[in-house]
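J.: Single-letter residue listing:
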Amino acid sequence: MRATFPHLLHLDVALGILYPSLGIEIVPPPPITQKTIEIGVKLAPQNACFPLKVTLGNFIEAIEQGADTIFMVGGVGPCRFGYYGQIQRIILEDLGYRVRFVLLDHPRYGVWSFLSALRAMTGGRLFLPEIVRVARLSFAVLRFTEELETHRRALRCQVRDPQELDRVIDGTIEALRQVKTFGELEALKTDALEKLNALPRNGRKDFLKVGIVGEVYIAQETRVNFNVEKLLGDLGVYVHNSVSTVEYVLHTFRPLTRSREKLEAWELAKPYLRRFVGGEGIDSVGSAIRYAREGFDGVVHLYPFTCMPEIVAKGVLQAVSRDLDLPVLHLAIDEHSGEAGLVTRVEAFVDVLERRKQEKKRGLKRNGSLSRS
Amino acid sequence: MDLFLGVDVGSVTTKFVLMDREKRILASCYLRTSGDPIAALKEGLRYIEHRMPQGGVIRGVGTTGSARHLAGVIVGADIVKNEITAHAVAAITRVPDVRTVFEIGGQDSKLIIIRNGVVEDFAMNTVCAAGTGSFLEHQAVRLNVPIEEFGKLALQARQSVRIAGRCTVFAESDMIHKQQLGFGKAEIVKGLCEALVRNFINNLASGREIEDPIVFQGGVAANQGMVQAFRDFFGGKKRIIVPPEHGVMGAWGAAILAMEYAPQKTAFQGFSVVERNFKSRSFICTDCPNACEIVVLKEDDRVKALWGSRCGKWTPETATVRCEEEDENLPSLSSYPGCSTERCAMHG
Ligand code: SF4
Ligand code: SF4
Numbered sequence: 001m002r003a004t005f006p007h008l009l010h011l012d013v014a015l016g017i018l019y020p021s022l023g024i025e026i027v028p029p030p031p032i033t034q035k036t037i038e039i040g041v042k043l044a045p046q047n048a049c050f051p052l053k054v055t056l057g058n059f060i061e062a063i064e065q066g067a068d069t070i071f072m073v074g075g076v077g078p079c080r081f082g083y084y085g086q087i088q089r090i091i092l093e094d095l096g097y098r099v100r101f102v103l104l105d106h107p108r109y110g111v112w113s114f115l116s117a118l119r120a121m122t123g124g125r126l127f128l129p130e131i132v133r134v135a136r137l138s139f140a141v142l143r144f145t146e147e148l149e150t151h152r153r154a155l156r157c158q159v160r161d162p163q164e165l166d167r168v169i170d171g172t173i174e175a176l177r178q179v180k181t182f183g184e185l186e187a188l189k190t191d192a193l194e195k196l197n198a199l200p201r202n203g204r205k206d207f208l209k210v211g212i213v214g215e216v217y218i219a220q221e222t223r224v225n226f227n228v229e230k231l232l233g234d235l236g237v238y239v240h241n242s243v244s245t246v247e248y249v250l251h252t253f254r255p256l257t258r259s260r261e262k263l264e265a266w267e268l269a270k271p272y273l274r275r276f277v278g279g280e281g282i283d284s285v286g287s288a289i290r291y292a293r294e295g296f297d298g299v300v301h302l303y304p305f306t307c308m309p310e311i312v313a314k315g316v317l318q319a320v321s322r323d324l325d326l327p328v329l330h331l332a333i334d335e336h337s338g339e340a341g342l343v344t345r346v347e348a349f350v351d352v353l354e355r356r357k358q359e360k361k362r363g364l365k366r367n368g369s370l371s372r373s
Numbered sequence: 374m375d376l377f378l379g380v381d382v383g384s385v386t387t388k389f390v391l392m393d394r395e396k397r398i399l400a401s402c403y404l405r406t407s408g409d410p411i412a413a414l415k416e417g418l419r420y421i422e423h424r425m426p427q428g429g430v431i432r433g434v435g436t437t438g439s440a441r442h443l444a445g446v447i448v449g450a451d452i453v454k455n456e457i458t459a460h461a462v463a464a465i466t467r468v469p470d471v472r473t474v475f476e477i478g479g480q481d482s483k484l485i486i487i488r489n490g491v492v493e494d495f496a497m498n499t500v501c502a503a504g505t506g507s508f509l510e511h512q513a514v515r516l517n518v519p520i521e522e523f524g525k526l527a528l529q530a531r532q533s534v535r536i537a538g539r540c541t542v543f544a545e546s547d548m549i550h551k552q553q554l555g556f557g558k559a560e561i562v563k564g565l566c567e568a569l570v571r572n573f574i575n576n577l578a579s580g581r582e583i584e585d586p587i588v589f590q591g592g593v594a595a596n597q598g599m600v601q602a603f604r605d606f607f608g609g610k611k612r613i614i615v616p617p618e619h620g621v622m623g624a625w626g627a628a629i630l631a632m633e634y635a636p637q638k639t640a641f642q643g644f645s646v647v648e649r650n651f652k653s654r655s656f657i658c659t660d661c662p663n664a665c666e667i668v669v670l671k672e673d674d675r676v677k678a679l680w681g682s683r684c685g686k687w688t689p690e691t692a693t694v695r696c697e698e699e700d701e702n703l704p705s706l707s708s709y710p711g712c713s714t715e716r717c718a719m720h721g
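Quick mapping for you: the protein sequence lines, in order, are chains A and B. Residue numbers are given in the working numbering: position 20 of the first sequence equals residue 20, and the series is strictly consecutive. Residue numbers are given in the working numbering: position 222 of the second sequence equals residue 595, and the series is strictly consecutive.
Bear in mind the hints are in silico, worked out from the structure with no lab data behind them. Each hint should be verified, as a subset may be incorrect.
Derived EDC-like pairs: lysine to aspartate or glutamate, alpha-carbon spacing no greater than 20 Å straight-line [claimed, not checked]:
1) A:189 / A:147
2) A:35 / B:660
3) A:35 / B:666
Reference listing, derived: stretches of chain A covered by chain B, where coverage requires no fewer than 3 residues with Cβ under 8 Å from a Cβ of chain B [what the hints assert, rightly or not]:
4) 34-42
5) 339-346
6) 353-359
For glycine and all other residues, C-beta sits at the position ideal for the given N, C-alpha and C.
Okay, chain A solo, but in the shape it has when bound (with noise of 0.2 Å):
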């Protein structure tokens, strides 16, 4: 059996440990790449969710690595998500791929059901505690990979060479791929943290700040959102994202834990939108009520053309954006997506952004033109 994947942000680095640890072979999908994007918009039904397309795109470039099989996680809710696997199994076997598509889907099973079903697929050659041990520390591998994200989108515009921060970063991402225990991430960890710290900084305090809110794989994935967080970050914004794979694998598996955020997220969200939407529509309500309580100067919306939950998001995004007199950006992705046009809209935001701020500093009472100087 060689095992594959989709990808998503830094997933791979976490079952990169995961698999092999079971006795499982990997071919990890290529990275992302406007290639893997043309395939599976090709060979998706058209009004198909962009997700899907990409990981599409994904497995069959996987394929023609040598990969036979393909685990695809399912979701929960009334949407479409909860067919990915499905979908794609179907249009893989149309293409006439011989391949096992292993559907992860019911979250009713929980994670020991998932984690015996690998146990058995390997053959049963690995105690219980051993599989325990290795799972706990592909989700630390995860969990830490998320850290460094939130430091990379909180640091861009703090220090002085953001190149230098990239290749703190991404060099410990890479490293962690070797990792076999807990005392090498461990390691691992206090080196990075300790190289983020002797960054030098640019003195700059008074940077604005944008929350990222929207559909979990596009709000995430950097190689097919334009990378805005870059674009943000190299404006001089200080960015934090509310979407999180570890949130959706704790969701996935163990859909009755949630984490504080995400309770207090959909408690925010009360007011507005009481009904779960399938997908993230509530949480994006949510986390952008909870970046206006926090000080934050705007929220960026990030979500697929034609999903439908962030569509009823965008529509209470308005009224919230009315109500806390929050600025909101709405930027729907699909393949049609223009680099361009959706750079203008950034930079326009930010720019609206900043003389919000400046107008807010100088405490009058917003009626001066900005052009008076």
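Place chain B with the ligands on chain A using the hints.
T.: Here is chain B with the ligands on its own, set in the frame of chain A:
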């Protein structure tokens, strides 16, 4: 006298504004980009140079538009700004209590919401041609009406005919249909203007409050038929202002931003730029499946600036080498069998 230069390079038109410290426009021009922004930039610079007042010195340069970075490198910009901010700044300068800006240009359109002199919200359409000036140009050609006459003709219509204009393709067939039904050109032109207004509002205004005064700017604002169609759309209840400088608002905004930015010493390269030998070209990077199209700006044989790399691996030096390699490997034209140099289009 301290002067400021604003340059707006779009894919269809290129605009220049020369402005003094009172934000007065001393000279401006509106040119076709015709796929060659470098030539358009040079032409604009020549035009402005001839209109420089005695004792005038350029103290700052701002660029905007889709080729703002290219323009910034060639002309030497102190500030490079997106079109939305540039257009808003100019509209606020012209009409300080403006609350909404409609901007319809050749290849895109924008809606900007302004409150208390600050941009509050905006929307931009870059994908759908049915919401831009090219929609009208396209149909004008079909109807055999010069685009300049379009507006006047629309005003002559005695009744209006509804044209389904959700998309350029539908509009075209519906227009032909209405022609066959015997509607006159004036009515059809009026119907097209109204279709464009509907598209603009549907695409951009969704859920946004349109409050007046509205400043209508961009090349399409010259079209009186369009102005009338917007007035009719709001039932004559909203104040719509078309400023006299509507065609060059982006460039004007860029000039104002350059003045506000107040550089110590301008990066302006001087009018002699027109003598320099700039060329832009592109190559496809084959180092990974992203296959980025790297666009380079060359001065003589040296790469000055480059855009389009997703990973940031290219530097002017490596790109220069790459261009040279490509040039060497290019078969010379005369070696193509059957190439008659004089008549070959590739030589022209
Ligand atoms: S959340 Fe959006 S993108 Fe994801 S499956 Fe649902 S509709 Fe598709
Ligand atoms: S520029 Fe970088 S990302 Fe683009 S094709 Fe070349 S190697 Fe790939």
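J.: For this structure, which hints from the list above don't hold up?
T.: none
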